[in-house]
Each structure stands twice: as structure tokens, then as C-alpha cells.
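Engineer: Take the given structure of chain P and dock chain C to it, following the hints.
Protein chains: 2
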Amino acid sequence: MPYIAPLKDMLFDIEHLAGIDQVARLPSFEDAGLDTTRAVLEECARFNQDVVAPLNVAGDRQPSWFQDGAVTTTPGFKQAFAQFAAGGWQGLQHPPAYGGQGLPKTVGAACAEMLHAANMSLALCPMLSEAAIEALLMAGSDALKATYLEKLVTGQWTGTMNLTEPQAGSDLALIRTRAEPQPDGSYKVFGTKIFITYGEHDMAPNIVHLVLARVAGAPPGVKGISLFLVPKFLVNADSSLGARNDVQCVSIEHKLGIKASPTAVLQYGDGMAGSAGPGAVGYLVGHENRGLETMFIMMNSARYAVGVQGIAIAERAYQHAVAYARDRVQGRPVDGSADASAPIIHHPDVKRMLMTMRAHTEGCRAMASVAATAHDAAHRHPDADTRQQNLALYEFLVPLVKGYSTEMSVEVASLGVQVHGGMGYIEETGAAQYLRDARILTIYEGTTAIQANDLVSRKTVRDGGQVARAIAAQVMATEAELAGQGGDDAQAVLQSLKAAREAYAKVVDFVVGQASTLPGAVFAGSVPYLLATGKLVAGWQLARSLLVAQRLLATCQDGPFMQAKTVTARFYAEHILNAVPAVAQSIVAGAASVTALPAEAF
Amino acid sequence: MPYIAPLKDMLFDIEHLAGIDQVARLPSFEDAGLDTTRAVLEECARFNQDVVAPLNVAGDRQPSWFQDGAVTTTPGFKQAFAQFAAGGWQGLQHPPAYGGQGLPKTVGAACAEMLHAANMSLALCPMLSEAAIEALLMAGSDALKATYLEKLVTGQWTGTMNLTEPQAGSDLALIRTRAEPQPDGSYKVFGTKIFITYGEHDMAPNIVHLVLARVAGAPPGVKGISLFLVPKFLVNADSSLGARNDVQCVSIEHKLGIKASPTAVLQYGDGMAGSAGPGAVGYLVGHENRGLETMFIMMNSARYAVGVQGIAIAERAYQHAVAYARDRVQGRPVDGSADASAPIIHHPDVKRMLMTMRAHTEGCRAMASVAATAHDAAHRHPDADTRQQNLALYEFLVPLVKGYSTEMSVEVASLGVQVHGGMGYIEETGAAQYLRDARILTIYEGTTAIQANDLVSRKTVRDGGQVARAIAAQVMATEAELAGQGGDDAQAVLQSLKAAREAYAKVVDFVVGQASTLPGAVFAGSVPYLLATGKLVAGWQLARSLLVAQRLLATCQDGPFMQAKTVTARFYAEHILNAVPAVAQSIVAGAASVTALPAEAF
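Which chain is which? The protein sequence lines are P and C, in order.
To get this note's numbering, take the position in the first sequence, counting from 1, and add 1375.
To get this note's numbering, take the position in the second sequence, counting from 1, and add 1375.
Calculated directly from the structure, the hints in this document are not laboratory data.
Be a bit skeptical, because a hint or two may be false.
Copies of the same chain are indistinguishable here, so a pair counts whether it falls within one copy or spans any two.
To be verified - Keeping only pairs whose Cα atoms sit at most 25 Å apart, straight-line, the calculated SDA-like set for lysine to any residue is: (1) LYS1873 <-> ALA1954; (2) LYS1873 <-> HIS1391; (3) LYS1873 <-> ALA1848; (4) LYS1873 <-> VAL1963; (5) LYS1881 <-> ALA1954; (6) LYS1873 <-> ALA1964; (7) LYS1873 <-> ILE1846; (8) LYS1383 <-> THR1970; (9) LYS1881 <-> ASP1863; (10) LYS1598 <-> SER1716; (11) LYS1598 <-> ALA1717; (12) LYS1598 <-> VAL1709; (13) LYS1598 <-> GLY1560; (14) LYS1598 <-> ASP1710; (15) LYS1598 <-> PRO1708.
This is chain P alone, in the form it adopts within the complex (with noise of 0.2 Å):
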């Protein structure tokens, strides 16, 4: 099943909701306008669709494979990623200076969704880069950034992040991996990392591994966590590469999907055969302590892409149930408009499930749009409290690009399924892949659960609501236009935003009023606190999207692809969007049933 990918609605969002125009007067933005987005945007269209997209099943049906140490990715893929790097797709939003594009991110965004829709597999291998190369840019020394950057930026090298150990999820407090101050101001790192992407391969010589550890010495928990950079090989000064390092690939996990991108356990320091070790050599990034503020930067960026990997897969699958409504002929309409058997897309339901497909992905796609200019603007404003703002909001998104959109992937996928029938249920069609692949969206780079401590925590309570409630003040505003716009379709969405972003109110006055005394119940409803918001901010820019809609109409720009977005903004108020009020009751009101049972009556 060939990728399309969406530019219309992509260029749609970047220009109307995004607002590109104001990204490209912000210094060092100033070529990366409509025009040159879109063409940035054909071009990555054309790559993607032609040389990553026709790699996806095959990754699929031949997964990676490791043995004695090494393991060989499907074939094809090292040949893409070549590509994609002589591209310079990887440099995309990073500074000339290292070989980067230096374009924004509202660009980039739309660019990593092609990417993952391509083939979600090969693309965690870039996404994972993207990474290392945040922190390096942020922490990292200048030797360091000397020695590394460049190499990451073009896509030469590639990066990972090691976090998890198998104690370790969630809770990196429980972290062991320790490392050793050494003489020369290296240290010698120790320990075993687990479910990292693609922590060994074939597609580059040389990895860059992100490594969290303690030092001996350093305070229990997280505030004695460091960030260690820790090269597969070393790196001698003219830049070619030395004796290989004291890190150690010993197996990788059989997974339900993402089958392609190898899932390594990795053993630093175990004195491997060959290697440079005992102790994997490892070089600190930022300062001894406090890795897991410079994890957090890494984090943030990662949360966001995971997020736009739901976008992505819920895009493709959208793609493929279509075409398959459209071509499997089962049955006669209900509304007797056709004698015989029909297209399977004429059935109400098929309908339904291909518009509740379609307005997740389009309302979480406004929502990671606009995300991605406020991180434009909070790093290149030349206000302060400007960029103050916009940071503000951008990381009152990331947990909601990360939980919801990923939420609702999975949701995407499985309609995708279900569209299919008994075909969605054999993997040569296709469908139950984007199902295998989404579902891991929900978990790494933190759970569900985590994003929604996140946002309660440190992006709800600890400013007292503020963030949440300019929110829903400029939801207010909306409101306020579409109350002037007049038409069924605007006062449909009305009715149903307002009725939301009402009862969020309720809701954020509860989290910020009750979470020092009752974390319990707080916390009991984060998730839905989650979901319902995500619901209202995705909701909200499908309400601004039906606005530039009906103005554009008016002036007869593209008439079918406006009345599409009005149709799809009105059936997210009224079948998605609707269903907040009573999640924010559950919250408000219904903590006490979740908690009740203890531990030994499950």
C-alpha cells in the first residue's frame, strides 16, 4: 500500500494555525516562509513516498537480526538511511554551523511525520539521533560537540538514549549503571541498559550512546544521576575512528511490531573481547548530578516525536482503510440509494469509523502544528516574555502531543482493523502492522501515566493553573468567533467546545486546588485529565481550522477540501470532543471508586 503524504492538510495547518508567517520574522527564520516550506515539504513528500514507504512491510516480515554481538537491519534500510542523510534530512532544524538546514521546526515536524508514516520502524533510528544531538547542543563541552556533532547532524553517526535498566523504568531513581572518574577527566562506565532503540546496527559505523549512570559518591535517587556520552568507537583527533569501545550488544527483543527497529539490551564495561575495556569509556555531558535535567531536554524532544509518530501511524492506517472502503464491495446501502451490492465506504458505519479515524489525526496534526511554533518562538523571539510564553505553553503541549496523540493512535489503528474485517485480521494485508507498531507509542519515552503526572505536576500545578487557563481563555475566544460566524456547522462546534472547555475549567480548579491535599484523587484522574485535555486543545484547533475553512469558502479557494474540513472539525465537536463533560465529572467526582479497592482485593 503506497504513502501519500497529506501536504495540503499539513500546509493547511502550517499556514493557517501554525501561522508560518509569523515564524519566518523570527531571526534566522526569515527564508523558511510558505514557499520555501513548501518545497521543503514536496521534496520530503517525494523521498519518503518513493524510498522509505516501500521498506515498511519488508522491515515487517524481516526484522532485524542480531548474532554474536552485531545486527543486520532488514535489507534496504541501510541504503535509505544513506539517502536520507545525503538528503540532509537529519540536520533538518540544526545549525549550519554542524551541517543542518537551521530550519524551524514547524517544518521539521511535518517532515518526521512523513518520515514515520513512511516506515516508523527505520525512522526511530534518525528520531533517536535527533536526541543525542539536543543534548550535545544544549550540554555538551565544546570538544565534545567538536568531535560529535557534525558527525550526528549529517547523519554519518547515529545516537541513542540509555535510559531504562531492568529495575529502572519509570523510575529512574533505581538506576545502578555507575561510572568512574578516570585521570584524564573520562570516566569508566559499568552496567546493563535495556530497550534501547537501535542501541546496535549496520547503518552507520559508529553509535553515540547517551548514557545515564551515577557516579561513585553522587546523593541516592535522581538528583545523583549524570549524562555520560559513550561512543561504540573512539574517536581519534583527526576524527577516524579508534579501538572499539567497552560496550557490548548481547541480545535484542522479540517485540509485538516496530519489528524492524532492533531493541538492544547493552552491556557497558563487561571487559568485551577486543574492546578498549574493562569499563566502556565514557565522557560527561553537562554536569555530574544533573543529567536528568539535560535527560529532561532530550526528553522533551523525544516525547514530541513519539507523539508525531502516532500522528504519522494513524495517518497511514486512515490511507489504507480508505483505500481498501473504497474497493471492497460488501453489501447494499441502508438508505436504499443503490440496488445493488456496494463500495463498503457507502455504509454508514464504514463512515463513521473512517471519520473518526480521520479527525483524531487531523485534530492531534493541528495540535502538534502549533506546538511546534510555540518551540520556535520560545527559542527565537526576540522578546523575553514572548519566548517565556511560548515555552510555557510548548511544554504544556508536549505531554499532550505525546499522551493523546499516541492514545489515539492506537484507537486509529485498530479502526483501521476493524475497517478491513476479516482481511484486517491477516498480516499479509497490512492493517494489524500500524496496530503492532502504534501500540508501543503509549509507552516509551514515559507511559501514558508518566505524561500525565507531567502535566499535572509540573505543568498544571506548579504555576497554579496559568498555563491551563490562558488556554481555555483563548478556547474562549474562539468560541467568541464562532459564535459570530453564524451556520449550523460553526454552532455545532460551539455548542460542543464551550460545553468542554467549561468543564476543563472544573477540572483544572480541582488539579490546582486539591493536588497538595488529596494527591491521591488528583492523580487517580490524571490520565483522563490527560485525554479530556488533549481532547479540548486537538478540538479547539479543529474549531479555528472550520473558521479559516468558512472564510476561505467564502472566496472559493479549493471548495471541497474546506467543506472537508468543516465536515471533519463538526464530527470531532460532536463525536469526539463531546465526550469531555463527563470525563471531567469522573475526575472531579469520582476518585474515591478508583482507589477504594486495596492492593490484595484485585
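Structural biologist: Then chain C, alone, in the frame of chain P:
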């Protein structure tokens, strides 16, 4: 992971909600009182826990295997099925005249849940035999009954249902398989059937296929379909096996889950070497051109059974998740109740997930138990009116048991993966298998949309909403009891139940009122109508559970269990049932946005 049958919950439902005492007053069920039921369930639990459950993982890792027309099942399956047959479990509900035990469905449904929870892939074989038995009991000639029934009832042979063809899935009007009358009264069958569960295997020496086909000259569409019995081996007058019939397994499918259950493509009448063909010898079951009537009886039985599969796999996923949540230590409780990292079952969001899994499972189990009793009364009650009322109730509940329990099972199994975090995505953990296995349930034996069409057309509109409104009236009676009960728990449940029932009544008015004038609008909401009805009925049964539990608590019988029953009912009301009013609003007012987009706009 061992499976422990939830005997206490099953017996609670059977005693207090289904009312086994009433069942035991029905003719021929006099011996099936609570004590017998308990004894049968305990024996059934031992067998499934000890013999069947241990083969579940093996079935996933070493699926059934096809070569040269033959299917080899997972090692151990053949022996386990032989023990199942020897234990008399296949005949539990069938007439003693054919070797059965003549027990009510109220008991049989609980036993079926255990078998499916223990090993859904294995359990599919006897489930399909069950459907074949029902068809023969109802419509088979004396000769067919004499030749085949005892063999099937005693589990010596197995049965299949052959409906689907490549072009005919949900739409049986498109069936092309043809049957040619022979001078001796038999037929010769020609055609290709796909998705035939246990269509070929090595667990029994003969397989009895029930096959939909057209006789030459039959009317087009579903009114020209007849049902035939086609044995794998012809049967001699002395019951020994004769010639190989001309039906051949040409392949089995590579599926997302239930991998041990072979899903066969069967070729009828192709002149298989060594067979009695060309033409597969078949025998008419019932009357020509009325095969669909019989098939619907089989399907009702099979659909109920698939709903039970949903409950079963949800229970198994729940048990797996609870065990992991007790064991996995990660993170401090947010309420500060402990200073160190604790088992994750103490975290509010993990409790929320486990409570969701538990409440769905118990709610659907209660609904299925009550439906089974309606089936028993429909068939055995001495009073014709009572039989008719119970039949109407049972037939209304079948699409709910099938459609709702299976939709919830996918959600529950997915939550089970989520509770496991990263480990849930690793296949060796076993949590992912439940999700993969469960994902077929909303598809086969009629997708959720097909169930919803049935609920709307045949079960709601045809009788002008009579059964639906009778259920609403019974819910009101439960509300009155809750109002009289007092206490926070009963009041919380009352509030949610009342709101759901009132919203439901409006939906019924809409469905009944608009089905002929606005069928497109009604069917745009058919699946939401099914899901809302399922939530209401399951929530109502849990409300009844709460009343029973409060009464028994007062007399001090098993306090912790009754307390848990109360909390679970309240959780369901506050976090699941409370969604009904918004869904009702979507159905009544939101149809336009479901169907507005033309097919080409997707």
C-alpha cells in the same frame, strides 16, 4: 502465567443475578441447582487450569502448521481435546439421548468462559462443533442426527461453519458455492470457502462441515441459500469412516493472533486425488433455500459464544496484569504513603487501569449470565408467553453480548499491555498475546457493525422498541431499589444509571421513530447505539450486584468480596456508564457529520 477461574464471581452472578433457583424449576433442569452448578464449575476449573491453560502460550509460539493439505496442531492440543471430550465437556448442554449432560446454558456459559480463558485457540474447535450440533438438533433429518449428532456431542468428531467466500463476507447474498442435486437425494458441492476455523486439523478423525451454498435455479440473494452437511470422510452405515470426501484444505492463514487455531481455505468439489469427487458429497440440512434461517440459529449460538470469548480473554488479561502490578516495584506512591519505591499496584493510575479492566469484565459477565438464563427459560419454561418473552430478551441480548463484550475485551487487553509498560510490548511476557487474540473478536461471527444492524433492525425496530423499553422499565425498578438503599455507593450508582437510562430511552425513540424515514441517520449511530445499550445493561447488572452485595454485607457473608463488588459497581457507574448520555446525544443529533463527506473526499 497460570489461570485461576473466577468461580466466586461466576457463582455470584449465577446465584443472585441469573437466578439458578428459577432455572432449576424448569422441566429437565431439576438437578441443576446451585450445588450441582458449583460442583460442575469446580471440576471445570480444575480441568481448564491444569490441562488447557498451560498450552496457551505454546499455541502462540508453535501455531498450527500446514503442509500438503494437512494441518498439524500445536503439540499437546490433540491430547487436551481428547481429555475434554472424555470429560463430557462438549456435551454439557446437549441432550442425554446423544451422549450429552443436558445442563442449562446458565451453567454452560460459565464453563465456556473458563475454556476460552484457558486457551482461546484450542477452545475454538469445540465452539464450532457446538454451532454444528445446534444446527443439526434444530433442522437435521433423523438420518443426519443418527449419523452425526452423538459423534459431535461426545467430541469424537468436530464441526465447522462455512459461510465466507472471498467475495462474500458480511454480505452472504454474494455466495457462489453451488450444490447439485443427485439422484440419491444427496448433493454435490462445488466452491471455495475461506476463514474456516478448524476447517482442517488432526484433533479428530472426521470433520463435519456445515456449508452454505446455492442449488441451481435458486432465487438470487439470501433467499436462495441452502445449508449442507459435508463430512471430511463419508460415513458408512456402521458408523465407520468411508471414502475421503472431495473437500480439501489448500492453505491456512497467517494471522495477528489465535495462531494455534487453523483458519482454513477449503476447496469443495475440485476433484481432489483419492477422494470420492469430483464434487463434495453433501446432505441438505432443513429445506432448500432456507439455509440462512438455520444458519442464523447457529450464528446466534456462535455469537453468544464469541461474546463469552471476550469476557474470557478480558479476565485472563486482567489476572495477568494484576500479577505483574503486584510484583513490579517502580516509583513512590504519589500520596506519600511510602518513602521507597512500591509495587505499581499502589499507584492510582495503575489502579484505574485495573479497575477499568475488572469492571468491564464483571459487567459483561453478569450480562452474559442473565442472557444465558433467558435462553434457558425461552426453551424450557412451561408457559408459552414466558418462553416468548425470554426468547425476545435473549435475542435482544445476543448482539450486546457479542458486540459489546468483544469491543470491551480489546480495550481491556490493550490496558493489560499498558499495565506492563515496556515489558508488555515484549512477546515473551505474554500480555501482548491477549491483545492479538482478542482483536479477532469484534470481527468474526459478524463484525460489531453487523451486530449493531441486527440490534437496530431485528431487535429494536421490528417490535417497535418493545423489548428495549421493557429493559428500560426494569432498569427503573432497579433505580427505585437503589433509591431505597441509602449510602453513598448506591446513590452514586443511582445517579449514573438514571441518567444513562433516560438518555437511552431517547435513543430508542429516535431509532424506532426514524429507522424507516431516515435510515442513514439511524445507522450512522448503530454501533454507538449498541455500545451505549451494552454499557447500560452491564451497568444495570452491576447495580443489581451492588444491591445484593449490600444485603449480604449486612449479614456478614464474605465481607471483602461483597465490598469489592460494591466498589466495582460504583466504579463502573462513575467511569464507564457515565459516558452514555454524551453518546446518546451523538446518536440523536450527530448523524449529519458522520455521512456528510462524499466517498471521494476521503
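Engineer: Please flag the earlier hints that this structure goes against, numbers listed from lowest up.
Structural biologist: Every hint satisfied by this model.
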